[in-house]
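If you read the protein sequences in the order shown, they are chains A and B. First residue of the first sequence: -7, per the numbering used here; consecutive thereafter. First residue of the second sequence: -7, per the numbering used here; consecutive thereafter.
Check the hints yourself; a few may be wrong.
Remember, identical chains collapse to one label, so a pair may be satisfied in a single copy or spanning two.
[To be verified] Taking lysine to aspartate or glutamate and the EDC-like style, the derived pairs with C-alpha atoms no more than 20 Å apart in a straight line are:
no., residue 1, residue 2
1, LYS164, GLU192
2, LYS476, GLU385
3, LYS103, ASP459
4, LYS303, ASP194
5, LYS476, ASP246
6, LYS476, ASP426
7, LYS458, ASP405
8, LYS303, GLU185
9, LYS81, GLU120
10, LYS436, ASP405
11, LYS436, GLU184
12, LYS335, GLU429
13, LYS164, ASP378
14, LYS303, GLU120
15, LYS303, GLU192
16, LYS458, ASP509
17, LYS458, GLU191
18, LYS410, GLU120
19, LYS476, ASP509
20, LYS476, ASP92
21, LYS103, GLU384
22, LYS335, GLU185
23, LYS517, GLU95
24, LYS517, ASP130
25, LYS389, ASP426
26, LYS389, ASP368
Read the hints as simulated data drawn from the structure, not as lab findings.
Number of protein chains: 2
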Amino acid sequence: MVMILQRAASLRAVLQCLRPHCTFSRAATLRLSTVSPCREVLPGTSWHPGLTPRKLHTGADGSKVSSAGVPARLPFSTVTEEDVAFFRKTLPGRTITDPDLLESCNVDWLKSARGSSEVLLRPQTTEEVSQILRYCNDRNLAVNTQGGNTGLVGGSVPVYDEIVLSTALMNKIHTFNSTSGILTCQAGCILEELSGFLEERDHMMPLDLGAKGSCHIGGNVATNAGGLRLLRYGSLHGTVLGLEVVLADGRVLDCLSTLRKDNTGYDLKQLFIGSEGTLGVVTAVSILCPRRPSSVNVVFLGCETFEQLLKTFGLSRGMLGEIMSAYEFLDSECMRLLNAHLKLPNPISDCPFYIVIETSGSDAAHDGEKLHNFLDAAMTSSLVTDGTVATEESKIKALWSMRERITEALTHDGYTYKYDVSLPVEQLYQLVTDMREHLAGRAKSVVGYGHVGDGNLHLNITSPAKDPSLLAAIEPFVYEWTAKCSGSISAEHGLGLRKRNYIYYSKARPAVALMGDIKAMLDPKGILNPYKTLPDNLRG
Amino acid sequence: MVMILQRAASLRAVLQCLRPHCTFSRAATLRLSTVSPCREVLPGTSWHPGLTPRKLHTGADGSKVSSAGVPARLPFSTVTEEDVAFFRKTLPGRTITDPDLLESCNVDWLKSARGSSEVLLRPQTTEEVSQILRYCNDRNLAVNTQGGNTGLVGGSVPVYDEIVLSTALMNKIHTFNSTSGILTCQAGCILEELSGFLEERDHMMPLDLGAKGSCHIGGNVATNAGGLRLLRYGSLHGTVLGLEVVLADGRVLDCLSTLRKDNTGYDLKQLFIGSEGTLGVVTAVSILCPRRPSSVNVVFLGCETFEQLLKTFGLSRGMLGEIMSAYEFLDSECMRLLNAHLKLPNPISDCPFYIVIETSGSDAAHDGEKLHNFLDAAMTSSLVTDGTVATEESKIKALWSMRERITEALTHDGYTYKYDVSLPVEQLYQLVTDMREHLAGRAKSVVGYGHVGDGNLHLNITSPAKDPSLLAAIEPFVYEWTAKCSGSISAEHGLGLRKRNYIYYSKARPAVALMGDIKAMLDPKGILNPYKTLPDNLRG
């Protein structure tokens, strides 16, 4: 323990030497720039006063916009002048048809999916959403609901000419009860703004994502966003207490309860959590928010084997117990890329595996003591070979950046094939090892990192350039491997456009068929976010 | 603080004097006897070797079995000799038709609902359940799935001659992963037995109920059981990771995932959590189990006003933070009944309101210090006027009994009208005050207690005997009052038979209509647990 604390002290000096322009924001990997590409795409155009530039992710896999794997257009109506007149009357000044202004909502963040919508609607109220959907349903016009457009599976942009229904102007906070911690707001509230609002009231959102500066809470709910706090506060299926949803035909479903317990009939709101905008449009959310912890610590540890890393997880569950708020990992290949591409020095000695543990509690002295005892036990039992601790905010951010800037480091390494899978924790790393062996040197790098505590692996494979033969070697191998372990081929990103046809690797046919029945029941004309989430063979 | 600790010391002496035959089990209010009334009901009958006597609740409101408010029998087929022959062939030795043996599964625990089923089926496997339902659906035979038969709204027993499908023999534990804390088991596992299994593995179930000695995990899931740990570990919508469900037509829906994250399509399992057996038969469950806390403390405090009680809740959320596992309350009327009928002495001085706080943590010294600091702050700011602390298990149980034996005390007070509502915390007690004023002395006692942390009030009203005019004064007043506050008329008990037609007080018509659509989609013939959960006007 003495050694580890000495090590920590020396690391603090190291961390202080880190270049001042490095962004140690937790969101840094996904939000390095606040300059909207929309402005870059549209030089010289005047910005529409009602359109706030969306903060965009950068540093993704750099793939070109393409429509590969896109199904044929379904026989929806096309927007006519009469339709636009109706929208302008319903949403005066908030019906956008300028192609330049539509550009940013037609392209997803990864720039791998592009639609050709000609109408962007920006309602402010639930009643307006209801009017729009009733009209579109009657007219058989397809609608793509869009929050912050930060999704990673092509689910948030139109595929063809679907009308884009943006929640951006539905950004009012309705109520916050500081006794119960229950917040109610419109769907278009930006996650980071909600976090700021709650921080002033000594609370926090139960979820935190890299995309928090752009993503909307309605989109978070619609995609069942996971993120960094799931280990501690659980999924949105537990923390979301109520939803208001507009159905495809314009009916408003008011399930906006602010109660922790309500066993009066079926829990309808659950249907819409994770349905990716294909079953209804979430217009308002009520959510249970925990108190903000007064004490946060982060430890960075090194392990010789993944088995030791898992044993350390077990030890931390017991000894850190109720204060553990994250248990993340990265492998030595990730560290190599962080060193090589971002010049981030390894804060400890070289190891095959690294762990990032965060604790959040209400008493700094207690948390420090628990951490000390845990680290002492982990060192004594030789589960970890080296480590360092941070308690100050800047140092915490610096340690977090070792985990969070991996995506960025990967973009410097080459074209990146990205996978987000859930596996039983014991098998979490085996997929990386097997993939390396399977690819036998054909890839530039094969790296593994992720949320050990949630059984969620991010497997990333780089090559000097886009390489169809490499892709053919990766897929369906990665999906078949995951399916053999009863894993999920999409842990937190959803299926969207890109993974819709892979659903059978993780879901049995009767289950997928039932999803189709639910879709047909709630949206019989299929106007809501078509071509997404459900596989093509369920349609038509 | 000195005062409070002195008071605590003296209380320990008081508690030690409590009569040794008092049962200080947390489950005491609901399970005072292990003698099964089935044996009492059936003197001289030989017990079927396959039928384990069910531990039953006692001390409920004592109301007679009645069929008041029961809708007309729907046109299901009646069981024929050919049907029984099929069942005997499918479930040899596990098809029960002896009326004596059927008695206990035809009557609910409150003895307020009685059916007249003539067939009890006891499958052991999912395949058997599938065969039974396929057959029953083809034959248009109604089926009532039954777990521990511990429900409080008449949902767990047949209304007419529905076939009883018991999960009692589906009691195998499939797997437990001590690294992730994920348990997978059949639906008929008894909650207390799962708790015992996990205790040996340093874990615990995320839910705890008074009925734990009898209730089945499948029934818990089907009714979305709340209970004592919800404040800390959240609802089953968050902790249940997977379900296997047999649909009305015999299709097996395998959603038995053991993953914390899985965003591949709609989360179908959520539909069945809280659907009270009306949408499918839960046959297996996978659930996330927390580590067992090594340190548990209970405090019993007194407050002058409900406002102070709520402020104390706010203080405890901040100062006890991550270790708080329960925040319960009772009023002075509850204390009067505990004193008068059960001779339980008040452990502190008389106050209008009492609070029971439980902490659960991983470090006894830390938890004790947090508790000390919290109590010091609560006393210094005059939020609480008196209090005592228990750290030993027997003393903890004694303090818990002040909260948990209220139901028992009520049965000694007279005929009890029981209500279980969710309300915004600020209005939680106003309903009790308003009800007292509204009844203007017509009731013997009007008492309030419950789960403050969850916004869940148990309002109980007693009279010397059953009193239709008193009931007419209580209802619909209590439901209308709850609806005005956007509360829930059933926080954790569900709707079952008894409250099905009150659903509109808590759910909007479009929501109820959609529930009907879901029922029609999954169970078009309506054979699963008919007459329950959904209102009569949705049928036929």
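Going down the list of hints, with the structure as the test:
Taking the shortest Cα distances, LYS164 and GLU192 sit within 20 Å of each other inside one copy (17 Å), while across copies they are farther apart (49 Å). In this homomeric assembly, LYS476 and GLU385 never come within 20 Å of each other (Cα to Cα): the closest approach is 42 Å inside a single copy and 46 Å across copies. For the identical chains of this complex, LYS103 and ASP459 are intra-copy neighbours only, at 18 Å inside a copy versus 70 Å across copies, given an alpha-carbon limit of 20 Å. When the C-alpha separation of LYS303 and ASP194 is checked against a cutoff of 20 Å, the pair qualifies only between copies, where the shortest distance is 15 Å, while the shortest distance within a copy is 35 Å.
In the homo-oligomer, the alpha carbons of LYS476 and ASP246 lie at most 20 Å apart only across protomers (15 Å), although the nearest pairing inside one protomer, at 41 Å, exceeds that limit. Taking the shortest alpha-carbon separations for LYS476 and ASP426, only the intra-copy value of 13 Å comes in at or below 20 Å, while the best inter-copy value is 60 Å. Taking CA atoms no more than 20 Å apart as the test, LYS458 paired with ASP405 passes inside one copy only; the shortest distance there is 12 Å, against 78 Å between copies. In this assembly of identical chains, LYS303 and GLU185 lie within 20 Å of each other by CA distance neither inside one copy nor across copies; the values are 38 Å within and 27 Å between.
In this assembly of identical chains, LYS81 and GLU120 lie within 20 Å of each other by CA distance solely inside one copy; the values are 11 Å within and 60 Å between copies. In the homo-oligomer, the alpha carbons of LYS436 and ASP405 lie at most 20 Å apart inside one protomer (8 Å), although the nearest pairing across protomers, at 78 Å, exceeds that limit. Taking CA atoms no more than 20 Å apart as the test, LYS436 paired with GLU184 passes in neither setting, with 36 Å inside one copy and 53 Å between copies. Neither within a single protomer nor between protomers do LYS335 and GLU429 lie at most 20 Å apart by alpha-carbon distance, with minima of 28 Å and 72 Å respectively.
For the homomeric pair LYS164 and ASP378, neither the shortest alpha-carbon distance inside one copy (48 Å) nor that between copies (43 Å) is at most 20 Å. With identical chains, the CA atoms of LYS303 and GLU120 are never at most 20 Å apart, being 54 Å at best within one copy and 40 Å at best between copies. For the identical chains of this complex, LYS303 and GLU192 are inter-copy neighbours only, at 19 Å across copies versus 38 Å inside a copy, given an alpha-carbon limit of 20 Å. Taking identical chains as interchangeable, the C-alpha atoms of LYS458 and ASP509 are never at most 20 Å apart, the minima being 38 Å within one chain and 48 Å between chains.
For the homomeric pair LYS458 and GLU191, neither the shortest alpha-carbon distance inside one copy (43 Å) nor that between copies (52 Å) is at most 20 Å. Within a single copy, LYS410 and GLU120 get their C-alpha atoms no closer than 38 Å, and across copies no closer than 43 Å, so neither meets the 20 Å cut-off. Proximity of LYS476 to ASP509 under the C-alpha cut-off of 20 Å is found in neither arrangement, the shortest distances being 27 Å within a copy and 36 Å between copies. Taking the shortest alpha-carbon separations for LYS476 and ASP92, neither the intra-copy value of 46 Å nor the inter-copy value of 49 Å comes in at or below 20 Å.
When the C-alpha separation of LYS103 and GLU384 is checked against a cutoff of 20 Å, the pair qualifies neither within a copy, at 37 Å, nor between copies, at 61 Å. Taking the shortest alpha-carbon separations for LYS335 and GLU185, neither the intra-copy value of 32 Å nor the inter-copy value of 54 Å comes in at or below 20 Å. For the identical chains of this complex, LYS517 and GLU95 are neighbours neither inside a copy (27 Å) nor across copies (50 Å), given an alpha-carbon limit of 20 Å. In this homomeric assembly, LYS517 and ASP130 come within 20 Å of each other (Cα to Cα) only inside a single copy, at 9 Å, whereas the closest approach across copies is 31 Å.
Taking the shortest alpha-carbon separations for LYS389 and ASP426, neither the intra-copy value of 33 Å nor the inter-copy value of 52 Å comes in at or below 20 Å. In this assembly of identical chains, LYS389 and ASP368 lie within 20 Å of each other by CA distance neither inside one copy nor across copies; the values are 24 Å within and 35 Å between.
The structure fails to meet hints 2, 8, 11, 12, 13, 14, 16, 17, 18, 19, 20, 21, 22, 23, 25 and 26 from the earlier list, while all remaining hints are met.
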